[in-house]
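Single-letter residue listing:
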Amino acid sequence: MTATEFQPAKTEVRQPILQARNLVKTFGRVVGLDGVSLDLYPGEVLAIIGDNGAGKSTLIKCLTGAEVPDSGELKVSGQTVHFKRPQDARVHGIETVYQNLAVSPALDVASNLFLGREERLPGPLGKIFRVLDTKGMRRKAKEELTRLGISTLQDVTVPVENLSGGQRQAVAVARAAAFGSKVVVLDEPTAALGVRESNQVLQLVRDLRDRGLPVILISHNMPHVFDVADRIHIQRLGKCAATITPQSHSMTDAVAIMTGAATA
Amino acid sequence: MTQQQTAGPPAAGHADPAEEFLDRQTPLSRIRNILHRYPALSPAIVLLVAVVVFGLLNERFLRVENLSLITQQVSVVGTLAIAQTLIILTAGIDLSVGAVMILASMVVAQLAVGSGTPAPLALLLGLIVGLAAGALNGFLVTRFRLPPFIVTLGTLNIFIAVTLLYSGGSTVRGSAMPGLLTWMGSTFPVGPVRISTGVVMMLLLYIAVAFILGKTAWGRHVYAVGDDKEAARLAGIPVNRVLMSVYLAAGAVLAIGAWIQIGRTNAASPNAGVDLNLDSITAVVIGGTSLFGGRGSIWGSLLGALIVGVFRNGLSLAGLDVLYQTLAVGVLIILAVSIDQWIRKVKS
Numbered sequence: 001m002t003a004t005e006f007q008p009a010k011t012e013v014r015q016p017i018l019q020a021r022n023l024v025k026t027f028g029r030v031v032g033l034d035g036v037s038l039d040l041y042p043g044e045v046l047a048i049i050g051d052n053g054a055g056k057s058t059l060i061k062c063l064t065g066a067e068v069p070d071s072g073e074l075k076v077s078g079q080t081v082h083f084k085r086p087q088d089a090r091v092h093g094i095e096t097v098y099q100n101l102a103v104s105p106a107l108d109v110a111s112n113l114f115l116g117r118e119e120r121l122p123g124p125l126g127k128i129f130r131v132l133d134t135k136g137m138r139r140k141a142k143e144e145l146t147r148l149g150i151s152t153l154q155d156v157t158v159p160v161e162n163l164s165g166g167q168r169q170a171v172a173v174a175r176a177a178a179f180g181s182k183v184v185v186l187d188e189p190t191a192a193l194g195v196r197e198s199n200q201v202l203q204l205v206r207d208l209r210d211r212g213l214p215v216i217l218i219s220h221n222m223p224h225v226f227d228v229a230d231r232i233h234i235q236r237l238g239k240c241a242a243t244i245t246p247q248s249h250s251m252t253d254a255v256a257i258m259t260g261a262a263t264a
Numbered sequence: 001m002t003q004q005q006t007a008g009p010p011a012a013g014h015a016d017p018a019e020e021f022l023d024r025q026t027p028l029s030r031i032r033n034i035l036h037r038y039p040a041l042s043p044a045i046v047l048l049v050a051v052v053v054f055g056l057l058n059e060r061f062l063r064v065e066n067l068s069l070i071t072q073q074v075s076v077v078g079t080l081a082i083a084q085t086l087i088i089l090t091a092g093i094d095l096s097v098g099a100v101m102i103l104a105s106m107v108v109a110q111l112a113v114g115s116g117t118p119a120p121l122a123l124l125l126g127l128i129v130g131l132a133a134g135a136l137n138g139f140l141v142t143r144f145r146l147p148p149f150i151v152t153l154g155t156l157n158i159f160i161a162v163t164l165l166y167s168g169g170s171t172v173r174g175s176a177m178p179g180l181l182t183w184m185g186s187t188f189p190v191g192p193v194r195i196s197t198g199v200v201m202m203l204l205l206y207i208a209v210a211f212i213l214g215k216t217a218w219g220r221h222v223y224a225v226g227d228d229k230e231a232a233r234l235a236g237i238p239v240n241r242v243l244m245s246v247y248l249a250a251g252a253v254l255a256i257g258a259w260i261q262i263g264r265t266n267a268a269s270p271n272a273g274v275d276l277n278l279d280s281i282t283a284v285v286i287g288g289t290s291l292f293g294g295r296g297s298i299w300g301s302l303l304g305a306l307i308v309g310v311f312r313n314g315l316s317l318a319g320l321d322v323l324y325q326t327l328a329v330g331v332l333i334i335l336a337v338s339i340d341q342w343i344r345k346v347k348s
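Same order as they appear, the protein sequences are chains A and B. Anchor point for the first sequence: position 219 equals 219 in the numbering used here, and the numbering is continuous, going up by one each time. Anchor point for the second sequence: position 341 equals 341 in the numbering used here, and the numbering is continuous, going up by one each time.
Incorrect hints may appear among the rest.
As the list claims (entries may be wrong) - Some, not all, of what chain B presents toward chain A, calculated at C-beta under 7 Å: (1) Ala40; (2) Ala217; (3) Ala224; (4) Asp228; (5) Gly294; (6) Arg295.
I should point out that these hints are in silico values taken from the structure, not numbers from a laboratory. We treat Cβ as the ideally placed atom computed from N, Cα and C, and that holds for glycine.
Work out the full structure: start from the sequences and follow the hints.
So this is what it looks like as structure tokens:
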């Protein structure tokens, strides 16, 4: 692996928040991942690019608990972890926004933010009758959106399906970034969006990074990747072909590495 | 090599086509948005119009005795519709609701009359039969990932056969049963109206299920699973556990439906309720719950059941042949599903 050394912005040596070492994942005779390693540092946007079948999705699924790697090691903040299901990753603060599967359209914005971690009313009403604290969740949803700097969502009681594509994606990103998560993984967040909406989402990604939240971004869209990424991990044939930065390489170089026409 | 633009038309001239679309509010789209927000609204309007029209056609229709009769006629289908709504909300469908109810009613009646089991114990065993039937459906849907339509088509036949084998095809008369079993058929006066215990039981079930669906996390998870199963799973919802619990809850509701059915018909017959399956689906669909899951309200199903009851009763009072009742119900179903499709276009 001939990667360009990543120089952290600050001088002190930083510990990666998320570390993967030699991940291997096979599906029958097909090798999805062939010994992939990856480091994610605090406050950076790490893009993962690669051709179809290069192992991008498999890598992400292994990092987020959607797949269990055959071998290899995962560390969160230096501590070894084993994810068997997405909830395990979530417990460790790794939140994922999956392509096209981000939200429940018929539920409102607040319900979506709290989906799977609903809060109940205090007292017997919540304990015995398990009544949800709808008002409280709406209030917290608003606070959380303000904190994340998401201004496109004013009304948290609107069903998500009434929102535009960019706003929906914002809901999904907000859910991933809210409530003390450590890492946000975005799978093709701009794939279905128009130009302006894409820019909104990319701005959101930068905002998250500026608030110190590291982001892993999977994308096919080279301009988007080169726009927001601090480092770029290039997958090819189940391996990491190179890790580059937008400063060290051009888009043409990246595509050449991706397709095997060049090495970094 | 660079994919400069993602999907969507080039934004020539317009700032953002999507936003412009959102801002463009015609009266029609405003109506659609309101209907979309309150799924029980359109069946409520239909019910109101139907009651007014039938009241004008025949002055007997609006008499309290007749209205009380309609509620009693609706009590069984209305109860089945609760179970059906829960399952349809998860984007499933249950063709076996009628068969489960009949099976439970036969077990309760046979136990109480044939083997002299105390009535409360017989009812409890009926509840267990309902739960077991729900568990079987739920197990097949979650473990073997079979489509609910196929699973319940199969169990429909299984339950019918088991019912006939168990009962030997014979009917148990209400007069032979202990009073508790036929209690749901008894009526009590409320002012000028006579209300049956079965109707009260049905309404209590609606209140309970409406509360659970609207106010608890479980209810929200039911909607989320029906809306988008994969999204729900990725949000950390135990999809299979939710589905299983929905089928179990439906089974329990069906067992209570069996009790109401025994009271309403004053008998337990293995041949009763052949139409009940489809009637329950009809009520749910007319009530505005989407067959695609994730959208609808339990009160809509009550309104749907009432609409069917009102149409049948009103048309027969208007002196029309029974065939026209069936025809009207058919038209209602297609109208309801068309409206649902139209409302769902809000999405795009």
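Task: Hint check: 7 Å Cβ-Cβ cutoff, aspartate 228(B) to chain A - done: holds, 6 Å
TODO: Return the status of the interface hint for arginine 295(B): holds when the least beta-carbon distance to chain A is below 7 Å, violated otherwise.
DONE: For arginine 295(B), the interface hint holds, since the closest Cβ of chain A sits about 5 Å away, which is under 7 Å.
Task: Hint status (Cβ of alanine 224(B) to nearest Cβ of chain A, threshold 7 Å) - done: holds, 5 Å
Open item on the list: Quick check on alanine 217(B) please, does its C-beta sit within 7 Å of some C-beta on chain A?
Closed with: holds, 4 Å
TODO: Mind checking the CB of alanine 40(B) against every CB in chain A and telling me if the closest is under 7 Å?
DONE: Status violated, d = 14 Å.
Open item on the list: Given glycine 294(B) as an interface hint, is its Cβ closer than 7 Å to any Cβ of chain A?
Closed with: Nearest chain A Cβ about 5 Å off; hint holds.
Checked against the numbered hints above, the structure breaks only hint 1 and satisfies the rest.
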